[in-house]
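Chemist: Using the sequences provided together with the hints, build the complete structure.
If you want the building blocks of each chain, they are given just below.
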Amino acid sequence: MEKVLEISGLCKTYGKFQALNHLDFEITAGECVGLLGSNGAGKSTTIRLITGQMRPTSGHINVLGEDPSKEPKKIHPYIGYIPDNQALYEEFSVFNNIEIFAKLYGKGAKETEWIIEQIQLTEKKKEKIKNLSKGLRQRVLIARALVHRPKFILLDEPTTGLDPSSAEAIYGILEGLKKEGTTLLLTTHLMNDVDRLCDKIVFINRGEKVEEGSPRELKRKYSLPTVDVQIKIGEEIRYHSIEKKENWVRELAQMENEGEILSINSHEPKLEDIFIKLVGSAH
Amino acid sequence: MSFQRAFIILQKDLYWAKQNSKLLALMVMPVFLMLFFSRLDSGGTFGFSLSFINAFVGIFSTSYLITEEKNKGTLVSLLTTPLKGSELLLGKFLFNLILCLTFTLLSMLLNNRFDLLTRPFALLNCFFFAGTTCFFGYTLGVFFKNEKEMSVLAPFLLIFFAMGDAMENLSDQVPIGGFFPSYHLVQSLKEVPPLLSQQLIHTLFTALMFVSTFFMASLYTKFYFSNHRDGKRLSLSLVLTSLAFISVLVVSGFYTMEYGSQAKLNKANKEAFEIETQNWKIQFDIDRRRFFIKNVIDTKARQGYLVKEKKNDPLKVFLSVRKLKDAENSFEKRKKHFASNFRRQVMADEESKIFGYDARNWVYLYKGEQTVLQEVICGDEIFQWGLDQKLKKMKGYERNFKTFLQLSKRIKIQCKLNQNSTGNP
Numbered sequence: 001m002e003k004v005l006e007i008s009g010l011c012k013t014y015g016k017f018q019a020l021n022h023l024d025f026e027i028t029a030g031e032c033v034g035l036l037g038s039n040g041a042g043k044s045t046t047i048r049l050i051t052g053q054m055r056p057t058s059g060h061i062n063v064l065g066e067d068p069s070k071e072p073k074k075i076h077p078y079i080g081y082i083p084d085n086q087a088l089y090e091e092f093s094v095f096n097n098i099e100i101f102a103k104l105y106g107k108g109a110k111e112t113e114w115i116i117e118q119i120q121l122t123e124k125k126k127e128k129i130k131n132l133s134k135g136l137r138q139r140v141l142i143a144r145a146l147v148h149r150p151k152f153i154l155l156d157e158p159t160t161g162l163d164p165s166s167a168e169a170i171y172g173i174l175e176g177l178k179k180e181g182t183t184l185l186l187t188t189h190l191m192n193d194v195d196r197l198c199d200k201i202v203f204i205n206r207g208e209k210v211e212e213g214s215p216r217e218l219k220r221k222y223s224l225p226t227v228d229v230q231i232k233i234g235e236e237i238r239y240h241s242i243e244k245k246e247n248w249v250r251e252l253a254q255m256e257n258e259g260e261i262l263s264i265n266s267h268e269p270k271l272e273d274i275f276i277k278l279v280g281s282a283h
Numbered sequence: 001m002s003f004q005r006a007f008i009i010l011q012k013d014l015y016w017a018k019q020n021s022k023l024l025a026l027m028v029m030p031v032f033l034m035l036f037f038s039r040l041d042s043g044g045t046f047g048f049s050l051s052f053i054n055a056f057v058g059i060f061s062t063s064y065l066i067t068e069e070k071n072k073g074t075l076v077s078l079l080t081t082p083l084k085g086s087e088l089l090l091g092k093f094l095f096n097l098i099l100c101l102t103f104t105l106l107s108m109l110l111n112n113r114f115d116l117l118t119r120p121f122a123l124l125n126c127f128f129f130a131g132t133t134c135f136f137g138y139t140l141g142v143f144f145k146n147e148k149e150m151s152v153l154a155p156f157l158l159i160f161f162a163m164g165d166a167m168e169n170l171s172d173q174v175p176i177g178g179f180f181p182s183y184h185l186v187q188s189l190k191e192v193p194p195l196l197s198q199q200l201i202h203t204l205f206t207a208l209m210f211v212s213t214f215f216m217a218s219l220y221t222k223f224y225f226s227n228h229r230d231g232k233r234l235s236l237s238l239v240l241t242s243l244a245f246i247s248v249l250v251v252s253g254f255y256t257m258e259y260g261s262q263a264k265l266n267k268a269n270k271e272a273f274e275i276e277t278q279n280w281k282i283q284f285d286i287d288r289r290r291f292f293i294k295n296v297i298d299t300k301a302r303q304g305y306l307v308k309e310k311k312n313d314p315l316k317v318f319l320s321v322r323k324l325k326d327a328e329n330s331f332e333k334r335k336k337h338f339a340s341n342f343r344r345q346v347m348a349d350e351e352s353k354i355f356g357y358d359a360r361n362w363v364y365l366y367k368g369e370q371t372v373l374q375e376v377i378c379g380d381e382i383f384q385w386g387l388d389q390k391l392k393k394m395k396g397y398e399r400n401f402k403t404f405l406q407l408s409k410r411i412k413i414q415c416k417l418n419q420n421s422t423g424n425p
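Chains as they are written, first to last, in the numbering used here: chain G, 1 to 283; chain B, 1 to 425.
Hint data in this document are derived by calculation from the structure and do not stem from the laboratory. Wrong hints could be hidden among the right ones.
Said to hold, decoys possible - With a straight-line Cα cutoff of 20 Å, these simulated SDA-like cross-link-like pairs (lysine to any residue) come out: (1) B:18 - G:91; (2) G:74 - B:72; (3) B:145 - G:85; (4) B:84 - G:69; (5) B:72 - B:85; (6) G:126 - B:11; (7) G:16 - G:39; (8) G:73 - B:225; (9) G:277 - G:195; (10) G:151 - G:16; (11) B:72 - G:160; (12) B:72 - B:224.
As the list claims (entries may be wrong) - Below, a sample of chain B positions facing chain G; criterion: calculated Cβ distance under 10 Å: (13) 9; (14) 72; (15) 147; (16) 231.
Unchecked claim - So these bits of chain B aren't anywhere near chain G, every CB distance computed over 10 Å: (17) 82; (18) 94; (19) 101; (20) 112; (21) 123; (22) 124; (23) 179; (24) 233; (25) 234; (26) 239; (27) 243; (28) 254.
For glycine and all other residues, C-beta sits at the position ideal for the given N, C-alpha and C.
Modeler: Right under this line is the structure:
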């Protein structure tokens with residue numbers, strides 16, 4: 001499979017602060033990768049380095065066969081970048097906002113109309129951005145980044161601050177893109193985003209990669225199956241959690257002797273737990 | 001570099017200006033300023049108003065367009081498209097240059113100064129000055145993070161860029177106008193054009209300012225939008241180009257101090273003398289206590305002769321300067337324009353009452369206490385300024401005399417004449 005992104009030994013320092021420390025990962029064509037980390041972990045720095053906005057202190061980046069730190073303008077026609085702030089011209093209509101960028105990519109009104117239809121903004125295309133909700137603005141941002149049909153899309157926290165229905169709409173668009181075979185890299189600290197969309201997750205903490213793998217692999221690796229037991233002892237109802245799988249039988253038998261077991265519930269391991277284990281514990 | 005992409009930025013800013021009320025206010029405000037200035041006596045305020053409006057639009061509008069893009073975050077989005085920093089600079093520059101030149105034309109219209117359209121050096125100076133302010137404003141917009149940061153420096157910059165002529169007029173002892181960017185523009189816009197050599201020098205200085213700010217903006221753009229600056233805002237290129245710009249102003253300032261205001265006595269004896277200054281050259285025949293203009297070089301539109309010597313006032317004689325016939329039409333227009341000006345009208349009436357002449361178009365010559373030549377001053381262009389800016393604040397004879405003293409110090413006739421003059425005729 002064609003490599004869309006290759007990062008090896010990537011380091012970035014701001015003065016004495018080490019933002020990235022020997023980061024390595026790859027993305028193959030059609031893959032959707034989630035870059036996970038807490039605030040200040042180095043997610044946005046990684047995106048800026050990939051888009052050529054900054055140069056790494058050391059290490060190597062290859063985007064679609066080009067080095068963005070040396071020739072950023074060579075990769076810009078092939079990537080779509082959705083920043084974490086809703087950087088739009090408030091006074092312009094949806095159509096105008098997208099059309100300006102379409103023109104910069106050498107496209108025109110035809111492509112603008114097409115993407116507006118794809119992102120289901122046709123009804124709002126004459127509406128000024130300042131009159132739109134946050135969710136709709138995010139859709140305009142996505143449309144703007146997709147107008148030139150890029151091969152590789154980078155999304156910096158695409159659903160942060162959106163209400164569930166708006167976030168759902170964004171998921172829908174991203175799932176559509178994924179189905180079409182577009183390569184996606186998204187940074188987020190919202191686990192739902194990655195669990196649902198991503199083929200691969202890269203956890204970073206303080207600029208270092210701490211784990212990488214598919215959501216299923218990671219859940220399996222870090223699964224902490226827990227059983228919650230509700231037990232009635234006399235008139236009192238008590239709750240117990242049994243964390244270690246090997247203790248289940250022994251502890252349940254012990255509880256049965258103590259009182260009446262009312263219910264037993266088991267939990268599916270969540271990415272949040274893995275995140276906290278890998279990243280949160282370090283804070 | 002793609003001119004097409006630069007043009008897209010220009011179009012976008014044009015559309016943005018129409019939609020953004022703050023930006024629109026920045027664009028419309030100069031129109032009101034122009035209307036205000038044009039109601040004053042244009043002889044003295046036209047140059048100032050033009051430089052002020054150019055500085056206002058060029059610096060504030062250009063820098064606002066950049067800082068606003070930064071605040072919104074759209075600058076980063078634009079630069080992650082195929083758009084290059086140089087194309088962004090060109091687009092923003094062209095938009096603001098067009099704006100400045102439109103206001104310049106409008107100002108000419110309001111002030112009845114269409115004569116400037118036939119003066120290539122004046123037009124070149126207008127272009128270079130407008131370009132200088134746009135490049136400077138662009139650099140500031142890129143350098144400062146936001147409008148708040150920019151607003152700390154804004155009043156100073158406006159004064160610095162617009163006050164070239166005013167600074168010279170305000171400084172009685174030392175002509176410091178040349179240290180300010182608009183000085184040469186204002187000089188080149190005077191109604192009586194400077195001598196050709198001086199027009200070239202004025203144009204050279206404004207062109208040098210234009211070139212230095214062009215390099216300032218383009219090199220800083222290259223640095224700022226490169227991916228290796230790591231958040232740094234100060235670059236060697238910015239420091240060097242700023243120094244180059246300052247050097248041009250320093251050279252211009254010292255040049256103006258040394259030569260710009262100096263009157264050179266070419267010839268002087270008991271019968272005649274010839275004085276040459278930066279902007280005019282005039283010859284006099286002296287008949288004891290009378291002065292006659294024998295020949296006025298570079299004043300095709302003007303001719304002067306002695307009108308009257310004020311009796312019982314040995315310190316003062318008056319000389320009237322009249323236009324030649326071929327300039328009569330434009331002179332009449334100017335008269336109408338002055339007539340519509342309240343302050344000028346009052347001043348002229350007052351003068352007429354005192355001396356019984358239409359003082360509107362006079363040049364005043366004074367005799368000093370010791371030697372006649374010692375305090376001679378002429379050049380109606382300079383004196384027009386005196387009437388506009390100074391006399392209106394004073395009353396009667398006293399104000400004329402004070403103005404004369406200030407002007408005589410300014411053009412340094414005294415020291416030159418002391419070396420060569422033949423004494424009291």
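Chemist: None of the hints should be skipped; say for each whether it holds.
Modeler: Structure-based check of each hint:
Our distance criterion of 20 Å between C-alpha atoms is met by residue 18 of chain B and residue 91 of chain G, whose separation comes to about 9 Å. For the suggested pair residue 74 of chain G and residue 72 of chain B, the alpha carbons sit about 25 Å apart, so the restraint of at most 20 Å is broken. For the proposed pair residue 145 of chain B and residue 85 of chain G, the alpha carbon gap of about 16 Å is at most 20 Å, so the pair holds. About 15 Å separates the Cα atoms of residue 84 of chain B and residue 69 of chain G, which keeps this hinted pair within 20 Å; it holds.
Pair hint residue 72 of chain B plus residue 85 of chain B holds up; C-alpha atoms about 18 Å apart against a cutoff of 20 Å. The straight-line distance between the Cα atoms of residue 126 of chain G and residue 11 of chain B is roughly 18 Å, inside the 20 Å bound, and the hint therefore holds. Distance hint between residue 16 of chain G and residue 39 of chain G is fulfilled; the C-alpha atoms sit about 19 Å from each other, no more than 20 Å. A hinted pair counts as satisfied when its Cα atoms are at most 20 Å apart, and residue 73 of chain G with residue 225 of chain B qualifies at roughly 12 Å.
As the CA atoms of residue 277 of chain G and residue 195 of chain G are separated by approximately 16 Å, the hinted pair is consistent with the 20 Å bound. Distance check on the hinted pair: residue 151 of chain G and residue 16 of chain G sit about 36 Å apart at the alpha-carbon level, beyond 20 Å; violated. A C-alpha spacing of about 18 Å is found between residue 72 of chain B and residue 160 of chain G, which places the hinted pair at or below 20 Å, so the restraint holds. With a C-alpha separation of about 18 Å, the suggested pairing of residue 72 of chain B with residue 224 of chain B holds against the 20 Å cut-off.
A hinted interface residue such as residue 9 of chain B counts as satisfied when its beta carbon comes closer than 10 Å to some beta carbon of chain G; here the least separation is about 9 Å, so the hint holds. With its C-beta approaching chain G no nearer than about 6 Å, residue 72 of chain B sits inside the 10 Å limit, and its interface hint holds. Annotation: residue 147 of chain B was flagged as interfacial toward chain G, and the flag is violated, the nearest CB pair being 16 Å apart, outside 10 Å. Checking residue 231 of chain B against chain G: minimum C-beta separation of about 7 Å stays under 10 Å; hint holds.
Not every CB of chain G lies more than 10 Å from the CB of residue 82 of chain B, the least distance being 5 Å, so the non-interface label is violated. Listed as a non-interface residue, residue 94 of chain B keeps its Cβ farther than 10 Å from every Cβ of chain G; the least gap is roughly 16 Å. Here residue 101 of chain B stays apart from chain G, with its beta-carbon at least about 25 Å from theirs, past the 10 Å limit. For residue 112 of chain B, the requirement that its beta carbon stay farther than 10 Å from each beta carbon of chain G is met, with the minimum near 37 Å.
Look at residue 123 of chain B: its CB is around 33 Å from the nearest CB on chain G, clear of 10 Å, so calling it non-interface holds up. Interface exclusion of residue 124 of chain B from chain G stands, the closest Cβ pair being 34 Å apart, more than 10 Å. The beta carbon of residue 179 of chain B sits about 39 Å from the closest Cβ of chain G, which is more than 10 Å, so the claim that it is off the interface holds. At roughly 14 Å from the closest C-beta of chain G, the C-beta of residue 233 of chain B stays outside 10 Å, upholding its exclusion from the interface.
The Cβ of residue 234 of chain B sits about 15 Å from the closest Cβ of chain G, beyond the 10 Å cut-off, so the non-interface label holds. Non-interface status of residue 239 of chain B relative to chain G is upheld: no Cβ of that chain comes within 10 Å, the nearest being about 21 Å off. For residue 243 of chain B, the condition that its CB be more than 10 Å from all CB atoms of chain G holds, with the nearest at approximately 27 Å. Distance to chain G confirms residue 254 of chain B as a non-interface residue, since its nearest Cβ pair spans about 42 Å, more than 10 Å.
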